[in-house]
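Student: The sequence shown begins at 28 in the numbering used here and counts up by one.
Everything labelled a hint here was simulated from the structure, so no lab data went into it. A quick note: this is a predicted structure, and the numbers were derived from the prediction, not measured. Each hint should be verified, as a subset may be incorrect.
[As the list claims (entries may be wrong)] In the DMTMM-like style, the derived pairs of lysine to aspartate or glutamate whose C-alpha atoms are separated by at most 20 Å in a straight line are: (1) 115 x 278; (2) 226 x 106; (3) 151 x 139; (4) 108 x 268; (5) 186 x 123; (6) 258 x 140; (7) 186 x 209; (8) 280 x 206; (9) 141 x 123; (10) 277 x 105; (11) 113 x 268; (12) 101 x 230; (13) 175 x 165; (14) 248 x 235; (15) 258 x 268; (16) 226 x 268; (17) 258 x 294; (18) 141 x 209; (19) 112 x 294; (20) 151 x 235; (21) 108 x 220.
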Amino acid sequence: IKPLASRFVAAEEMYFLPFHCSPTKPALGIDGWNETTVQNVPALRSEPFSPSDPNIEQWALLLYREGGMKSPDKYWNEEGKQAYKKLKDSLRVSEELKAGADQALRETKNEDEKIDALAALVQKSVRSLNDSGVTAAERQQFFEKLPKGRDRTSAEIFKSGIATSYEMNVVFAALATHEGMEVRPALLSHRLEVSFDPKITADRYFLEDTVVALKRGDSWKFVDASSKLLKPGMLPWYEEDVFALIADPKEPKFARTAASSPSASLDQHVAQLKLSEQGRLTGDVVDSYTGRRAEEYRMDLRDRSAVQRE
Numbered sequence: 028i029k030p031l032a033s034r035f036v037a038a039e040e041m042y043f044l045p046f047h048c049s050p051t052k053p054a055l056g057i058d059g060w061n062e063t064t065v066q067n068v069p070a071l072r073s074e075p076f077s078p079s080d081p082n083i084e085q086w087a088l089l090l091y092r093e094g095g096m097k098s099p100d101k102y103w104n105e106e107g108k109q110a111y112k113k114l115k116d117s118l119r120v121s122e123e124l125k126a127g128a129d130q131a132l133r134e135t136k137n138e139d140e141k142i143d144a145l146a147a148l149v150q151k152s153v154r155s156l157n158d159s160g161v162t163a164a165e166r167q168q169f170f171e172k173l174p175k176g177r178d179r180t181s182a183e184i185f186k187s188g189i190a191t192s193y194e195m196n197v198v199f200a201a202l203a204t205h206e207g208m209e210v211r212p213a214l215l216s217h218r219l220e221v222s223f224d225p226k227i228t229a230d231r232y233f234l235e236d237t238v239v240a241l242k243r244g245d246s247w248k249f250v251d252a253s254s255k256l257l258k259p260g261m262l263p264w265y266e267e268d269v270f271a272l273i274a275d276p277k278e279p280k281f282a283r284t285a286a287s288s289p290s291a292s293l294d295q296h297v298a299q300l301k302l303s304e305q306g307r308l309t310g311d312v313v314d315s316y317t318g319r320r321a322e323e324y325r326m327d328l329r330d331r332s333a334v335q336r337e
């Protein structure tokens, strides 16, 4: 599905990008308001398994841009360089981080196991600011202690024990870099938003999330260390097979994230049973789930007590 965005329309320093519609050119209206009109808007028809609303509704993105609009290539090149610098400036490996990494990697045998172990270390040591277990007082203290005029370093984030999703990935990036891996921040588009095309849409609004890209030969492995419900190498469904801007100090570029295979989300039932001569059946049945199926159960059970889970 193409977004069918037409063009950026300027009204002084304000711009809007229309989707699936053709608004009139902005004109100065009553009391200094800039006005635009869309005519003959059809009723929205909701259908099962249809694309997300931004892909079928008529709408427009309203934004302000200092210095005017730029070509998509130039805009994303600048954004990619800025995102790389922002992450690089935050990477600091403390003795505490090194000790945690040494412990986590003690029994790993290959790079995939290292990635999983480092992501698990982040998830075990740093709570997400959005976790239900984080109290209102802890959230208030979190914001009060934020440094002014700069982002927190990975060492500061790890020591504090509470972080935003982006900050959790900063800690993971610092650990992976310390282990000799080639790391880049990756800005991801979102399947619940309008279908993203970097040649048409040039605004950070369309790249909501930032994860970590690890160089693997000629390709990249995308890891979201803040996602505790999935294996580290597996992204949420809305971030699979989408465009990702891989930030770089010289040449940022777009790539597509991988789509997980059906075998990554299994629902398995294994029974070990014994039938007596009297016809009595005894034994154990083990149900196991991976990938998306496991995510569903974890999402349902994460805020329940151990007794309720049992």
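Student: Each hint should be assessed against the structure and marked as holding or not.
Tutor: Hints, one by one, checked against the model:
1. 115 x 278: 15 Å, holds
2. 226 x 106: 14 Å, holds
3. 151 x 139: Since the Cα atoms of residue 151 and residue 139 sit roughly 18 Å apart, the hinted pair holds (cutoff 20 Å).
4. 108 x 268: Distance ~23 Å between residue 108 and residue 268 Cα, so the pair is violated.
5. 186 x 123: 8 Å, holds
6. 258 x 140: Answer holds: residue 258 to residue 140 is near 11 Å, not above 20 Å.
7. 186 x 209: Judged against 20 Å, a Cα distance of about 24 Å means the pair is violated.
8. 280 x 206: The given pair, whose Cα atoms are some 24 Å apart, is violated under the 20 Å limit.
9. 141 x 123: Holds, at about 18 Å.
10. 277 x 105: 10 Å, holds
11. 113 x 268: Since the Cα atoms of residue 113 and residue 268 sit roughly 25 Å apart, the hinted pair is violated (cutoff 20 Å).
12. 101 x 230: 11 Å, holds
13. 175 x 165: Given pair residue 175, residue 165 holds - Cα atoms ~19 Å apart, limit 20 Å.
14. 248 x 235: Holds, at about 19 Å.
15. 258 x 268: 17 Å, holds
16. 226 x 268: Answer holds: residue 226 to residue 268 is near 17 Å, not above 20 Å.
17. 258 x 294: Since the Cα atoms of residue 258 and residue 294 sit roughly 16 Å apart, the hinted pair holds (cutoff 20 Å).
18. 141 x 209: 14 Å, holds
19. 112 x 294: The hint is violated at about 42 Å.
20. 151 x 235: Violated - the C-alpha atoms of residue 235 and residue 151 are around 25 Å apart, more than 20 Å.
21. 108 x 220: 24 Å, violated
In the structure shown, a violation is registered for the earlier hints numbered 4, 7, 8, 11, 19, 20 and 21, in ascending order.
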